[in-house]
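Visitor: Top line first, the protein sequences correspond to chains A, B and C. Going by our numbering, the first residue of the first sequence is number 1, and it counts up by one from there. Going by our numbering, the first residue of the second sequence is number 1, and it counts up by one from there. Going by our numbering, the first residue of the third sequence is number 1, and it counts up by one from there.
Warning: the hint list may mix true and false statements.
[Said to hold, decoys possible] The calculated BS3-like cross-link candidates involving lysine-lysine, where the alpha carbons are at most 30 Å apart (straight line), are:
{"#": "1", "chain 1": "B", "residue 1": "50", "chain 2": "A", "residue 2": "335"}
{"#": "2", "chain 1": "B", "residue 1": "50", "chain 2": "A", "residue 2": "395"}
{"#": "3", "chain 1": "C", "residue 1": "187", "chain 2": "B", "residue 2": "233"}
{"#": "4", "chain 1": "C", "residue 1": "238", "chain 2": "C", "residue 2": "141"}
{"#": "5", "chain 1": "C", "residue 1": "335", "chain 2": "A", "residue 2": "294"}
{"#": "6", "chain 1": "A", "residue 1": "316", "chain 2": "A", "residue 2": "132"}
{"#": "7", "chain 1": "B", "residue 1": "50", "chain 2": "B", "residue 2": "124"}
{"#": "8", "chain 1": "C", "residue 1": "187", "chain 2": "C", "residue 2": "120"}
{"#": "9", "chain 1": "A", "residue 1": "316", "chain 2": "B", "residue 2": "50"}
{"#": "10", "chain 1": "C", "residue 1": "187", "chain 2": "C", "residue 2": "112"}
{"#": "11", "chain 1": "C", "residue 1": "99", "chain 2": "A", "residue 2": "316"}
{"#": "12", "chain 1": "A", "residue 1": "363", "chain 2": "C", "residue 2": "35"}
{"#": "13", "chain 1": "C", "residue 1": "112", "chain 2": "A", "residue 2": "126"}
{"#": "14", "chain 1": "A", "residue 1": "335", "chain 2": "A", "residue 2": "304"}
{"#": "15", "chain 1": "A", "residue 1": "132", "chain 2": "C", "residue 2": "218"}
{"#": "16", "chain 1": "A", "residue 1": "304", "chain 2": "C", "residue 2": "120"}
{"#": "17", "chain 1": "A", "residue 1": "304", "chain 2": "A", "residue 2": "316"}
{"#": "18", "chain 1": "B", "residue 1": "125", "chain 2": "A", "residue 2": "132"}
{"#": "19", "chain 1": "C", "residue 1": "112", "chain 2": "A", "residue 2": "304"}
{"#": "20", "chain 1": "C", "residue 1": "35", "chain 2": "A", "residue 2": "304"}
{"#": "21", "chain 1": "C", "residue 1": "243", "chain 2": "C", "residue 2": "218"}
{"#": "22", "chain 1": "A", "residue 1": "126", "chain 2": "B", "residue 2": "135"}
{"#": "23", "chain 1": "B", "residue 1": "125", "chain 2": "B", "residue 2": "364"}
{"#": "24", "chain 1": "A", "residue 1": "316", "chain 2": "C", "residue 2": "120"}
{"#": "25", "chain 1": "C", "residue 1": "99", "chain 2": "A", "residue 2": "363"}
{"#": "26", "chain 1": "A", "residue 1": "395", "chain 2": "B", "residue 2": "77"}
{"#": "27", "chain 1": "A", "residue 1": "335", "chain 2": "B", "residue 2": "308"}
{"#": "28", "chain 1": "A", "residue 1": "23", "chain 2": "B", "residue 2": "308"}
{"#": "29", "chain 1": "A", "residue 1": "316", "chain 2": "C", "residue 2": "92"}
{"#": "30", "chain 1": "B", "residue 1": "308", "chain 2": "C", "residue 2": "112"}
{"#": "31", "chain 1": "B", "residue 1": "77", "chain 2": "B", "residue 2": "50"}
{"#": "32", "chain 1": "C", "residue 1": "141", "chain 2": "C", "residue 2": "243"}
{"#": "33", "chain 1": "B", "residue 1": "50", "chain 2": "A", "residue 2": "126"}
{"#": "34", "chain 1": "A", "residue 1": "126", "chain 2": "B", "residue 2": "269"}
{"#": "35", "chain 1": "B", "residue 1": "269", "chain 2": "A", "residue 2": "132"}
Hints were generated in silico from the structure; no laboratory data involved.
This is what each chain is made of:
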Amino acid sequence: MGKMSDSIHEALSTIVGSEHVSKEPEELFLYARDPGTMQPREPDFVALPGSTEEVRQILLLANQRRIPVVPLGGGLVLSGLTIPQKGGIVLDMKRMDRILEVNESSRYVIVEAGVSQGALQAYLRKNYPQLKHSIPDSPPTATVAGNILIHGSGHLSQATGFHSDMLNGLEVVLPTGEVCQLGSCSVSPYWFARAPLPDLSGLFLGWFGTTGVVTKLAIKLYPNPALRDVMLFVTESEDYLPDILYRLTGTEMLEDLLVTMTSEPRWVEGMQMTRIHMAANSDEELELKRRVIKRSLRSYVEEKEGGFMDVLPPMKGSFLETPIRDISVFADSMKGGGFEYVGAIMPIEQFPKACREGASIAKRNRMPYVQIARIVGRAHSMMFAWGYPFNRADKRSLERAQQALDEANRAALDMGGIPWKAERPSQELILERMDPATRLLMQRVQRLMDPNGIMNPGNWQGDGDGI
Amino acid sequence: MEMEYEEVVHRCFRCGFCKFTSDYMNFNCPSYLKYRFESYAPGGRMWLLKAWLDGEISASQHLGEIFYSCTSCGNCKENCVMEFRDDLLNIFTAARGELVADGRIPPQARDYFKNLHTYGNPYKKARNTRASWAKGLDVPEYDGQEWLLYIGCVGSFDERGQKMAHSLANLLLSWDVSFGILGEEETCDGNEAQTMGEQGLFQLLATRNKEIFDRRGVRQVIALSPHGYHAFKNEYSSFGIEIHAVHYSQFLASEIEKRRDGLGNLSAKTTYHDPCYLGRHNKIYQEPRHVLSAIPGVVLEEMERSQKEALCCGGGDGNFFTDILGSGVGCPARIRVREAAATGAEILAVACPSCAKMFEDAVKAEANDARLRVMDLSEILLEASGAGL
Amino acid sequence: MFRDIDFLSSEANMYSLRYEPDVCAACETRDCLVKCQYMSLTSEEAREEKGKLLRGEDSRVLTDCVTCYACEEYCPNGNHPFYLIVDRQEEKGIHPVPKPVEKLQVRMMAPKGEAAYQEKHSPLINLCAFTPFEKISLQGKLFENISTVGGNDVFCNLMYLHFGRSSIIKERVPKAIETLWKCYVEKNLITEMICFHDECYGTYTSWAPAYGIEVPFKPVHFFRYVLDELHKRKDEIKRLNMKIAYQRPCSNRLIPETQPLVDEILELIGAERPSRTYDRENALCCGGVMRFQGRDDLADDVQRRNMDDMVATGAQVCVFNCQFCLLTMGEPVAKRGLMPMLLSDLCRQAIEE
């Protein structure tokens, strides 16, 4: 699609105000990119809507004029899902940043789509300290909506599942301009659940913005116990982990559960550091949880094959941060400001294979590696991330990272996992393996929702001409 | 194209910690708050700078506006999680220096430099009117007194700034402080010239000041503006200028104990705004509060964002003059004034003439001038003692 | 890449324990085992197990020992019963601490080979692995003119006694001594090195001689230095007039001759150390190592008894010698109402810093 006409610019300016539209080279440059490895592609416009009505009018315009629209939250998905593949309008949703309502007794919050993770956390801490939401470890500028819509995970996922499981309802604008309420809010003034209605929210979860624009959402909130603690369990064989994780998740004592494997610092290479997070309302409760957790792994300790390590105060403080800042700092570990990872959702039993494969991919591509597995639910699955930092100023570093990521995507699929928030090449790999009837169903849904193909085109499109 | 700090610029991950306060409650980058495009956030500037250095984008009017909308408030340096965070403001200054060298600066910035060069102030006012703020007061010329009271350009020529200068001088006179002013000979401290990228001009101004200070035997300076204080304290020594500089809030805090009896009374709920060049840049948070707390009747109420979390008034890097950061309901000064009003305060206390000007304009724009007064520390002290205007 | 130490290296093999097996065999009291606070052995059982240890046979002592070092003090003959246990543990492939944790610690604390000559002067304080304490503790009048060294290259490594890994200590201590000598002591004409860490002093005055390793400088116990500095400033001392409980660390069992220094310091600064059950020769381990070993129930019990004992004396402060004890017990004692402090920090309070 070629350059848009001035009339589009004028129309957008009328909708959102001229100060909230840009077609300047500087904005187009920035919004063409994210901090990952995917190729930049410029939009024709960047627009900052301030309300659902403005979004609606933009979509009506875009639908009428067949202009691609790409919704953008924090821009930290890293896999290029917010990079406009076919030009058009990038909708930076972050002006819509109001926290609308907290329902304390039903423990949910309604937010606009541009509310950041950090702002929601800070707001709850100040106004509802007994409640919290599950926060991912992305930087706090990531939006709540963006993370939910890609099935993200975070600090409460071991206890409560994927972040999409915590969704109570959506307000969406369809590509054809209709505004819909999805979930209980479509019938009731309360946004308490998606049940017991047909779950139309599923039309927006995991679709990478190809079915419409989410403008509001309600998510579950959880009790916020006063005390939190973290323990580390160290092993030297990845083969132990499925059993260790199974035992730990069977205790019902944990909030968050992660395993990290890194090649740096050198002294942790080849070791698995299982990080066990607990929360409690009293010292006694915390102590009980510690005991139950330690008891679950006693046989490993007695056989000297695994051990708990005391986490000293400075390190404990950084592990208990929400979000953990060191994860963002890791992006600069190659002194290059670039970082992307393949996060594959896969069964726990594949842990040893995933671990070994990740190390070989890194070795083949002459890169350091970081692998983090976050356990979702009671070991129902895990988000296993193979992370590759790179130096943005060094083309070869970028190419090596791209190669490693491609190999990781393929490896994930080969072992029965599915890349999460998959970048376009990986989407194609997924679609290749997908049940054909399912692919057809996806195609039918997309055509129904977005007859003119304006929503984030180029994603979930297989060979590029539609699924 | 080469630039100092070039090897660091590409390391920005655009994670966005720089946009926030440290508890993530609020966006705290004044230009990002106003414009909300990623280009106006520190991370956006880093990426655009890298693109410009690599020749991927050209310098343009818009790029100039993006860089000159930064106020060097320091919030990014405070909150960036990367190891190069301490270089951030220097990088933006260096970028502006490149724009200056390239001739691609916004016209308002060009005017600023031109006026500074020609008139010794950005306002294009005649040098011999520099001391006109002192009219009606018997302010002595500096002639070897204990302190030089240094006013700066905003205090000398801006209407609101002049009121502040007048008030402080009045207070110091009433306290029998041994001080004098340079009067017409005072020349710009150059702090804004430096951060706006005109190193050459800054050097010229600093050298001029050195000559004046040496000739007139200046050893100790009380600075009205935190911008001037910052330059004297942190930059001037590299030009061989060895003076002991304090900000006037520090001076007042050191004197207030012996003057407790004469402070009078002012029953007013007051909130204090930490100016960037006093607070984040120089970590001076307690002295102004100490002054205010000492005044009988004053009840101090902190704003949601205070001390190192304070939201910049939007006046830095010459924006009080160039107005690139602009106005509008989303501009930082108006956001800050709304925050002040939310505390229930009747007085928004300031310690910087740029802040005074920005906030007084914002209060008027918010139509709140009946309920919220913008006053600096000296004005509050004078009013409490019954000697205020 | 790390050269993981899973074997007794040829370097380590150079050094063997100097003790008199005949003296042990002839010992009537077998205090080393009978007096043990954690293993319950009758005199006859002690004789039997000691025999096994001497003969290099399997003994339950090798798995039950909590590695508190106390038997080094209990032995009336200075015949190194604990060092023998550690040697035997390694010979038999016994790992008191889970192997991955051991490996992590061995790697993490490995010498980096980065130390180079630096100008230093007396008094020279070796911080060992506790370099972060320099900014926290080595400040003020008592430490005005010091210079310091620290870090992995001069780490004493004696903690591997808790891991049953003599070979690591034998490999690394000579290197640490060499680094200290060449980089900091020799050219700077320094003769004495003050050991901030109690265990460092034990390494150079007890362990090294026990294995025939020469130490070319004179180690000085940190409390000796502090006491001398306090004496210089006697007039400035403001007596604290408080009751304290002192947590005697494991490492001090290797150097019991330094115990009087604690009493002298406390006397000088006006801190009373009421007698209690688990002090001096009956001191209990802080429990930190027991947790490393996975013996949490034991650690909990030991800490509880120790703290109950402290609280019963009416002590206001729990005074620590060892920084690892402080990190382990600091929070628990604080929860019991005792302020945790290093002895040197208490001294700083006494001269009103």
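Visitor: Look at each hint and say if it fits the structure.
Guide: Hints, one by one, checked against the model:
no., hint, in the structure
1, B:50 to A:335, "holds (15 Å)"
2, B:50 to A:395, "holds (14 Å)"
3, C:187 to B:233, "violated (41 Å)"
4, C:238 to C:141, "holds (14 Å)"
5, C:335 to A:294, "holds (22 Å)"
6, A:316 to A:132, "holds (20 Å)"
7, B:50 to B:124, "violated (35 Å)"
8, C:187 to C:120, "holds (9 Å)"
9, A:316 to B:50, "violated (36 Å)"
10, C:187 to C:112, "holds (22 Å)"
11, C:99 to A:316, "holds (23 Å)"
12, A:363 to C:35, "violated (54 Å)"
13, C:112 to A:126, "violated (46 Å)"
14, A:335 to A:304, "violated (38 Å)"
15, A:132 to C:218, "violated (58 Å)"
16, A:304 to C:120, "violated (43 Å)"
17, A:304 to A:316, "holds (24 Å)"
18, B:125 to A:132, "violated (57 Å)"
19, C:112 to A:304, "holds (28 Å)"
20, C:35 to A:304, "holds (28 Å)"
21, C:243 to C:218, "violated (34 Å)"
22, A:126 to B:135, "violated (49 Å)"
23, B:125 to B:364, "holds (26 Å)"
24, A:316 to C:120, "violated (35 Å)"
25, C:99 to A:363, "holds (26 Å)"
26, A:395 to B:77, "holds (28 Å)"
27, A:335 to B:308, "holds (28 Å)"
28, A:23 to B:308, "violated (35 Å)"
29, A:316 to C:92, "violated (36 Å)"
30, B:308 to C:112, "violated (39 Å)"
31, B:77 to B:50, "holds (18 Å)"
32, C:141 to C:243, "holds (24 Å)"
33, B:50 to A:126, "violated (38 Å)"
34, A:126 to B:269, "holds (23 Å)"
35, B:269 to A:132, "violated (34 Å)"
Hint compliance for this structure: hints 3, 7, 9, 12, 13, 14, 15, 16, 18, 21, 22, 24, 28, 29, 30, 33 and 35 are broken, all remaining hints hold.
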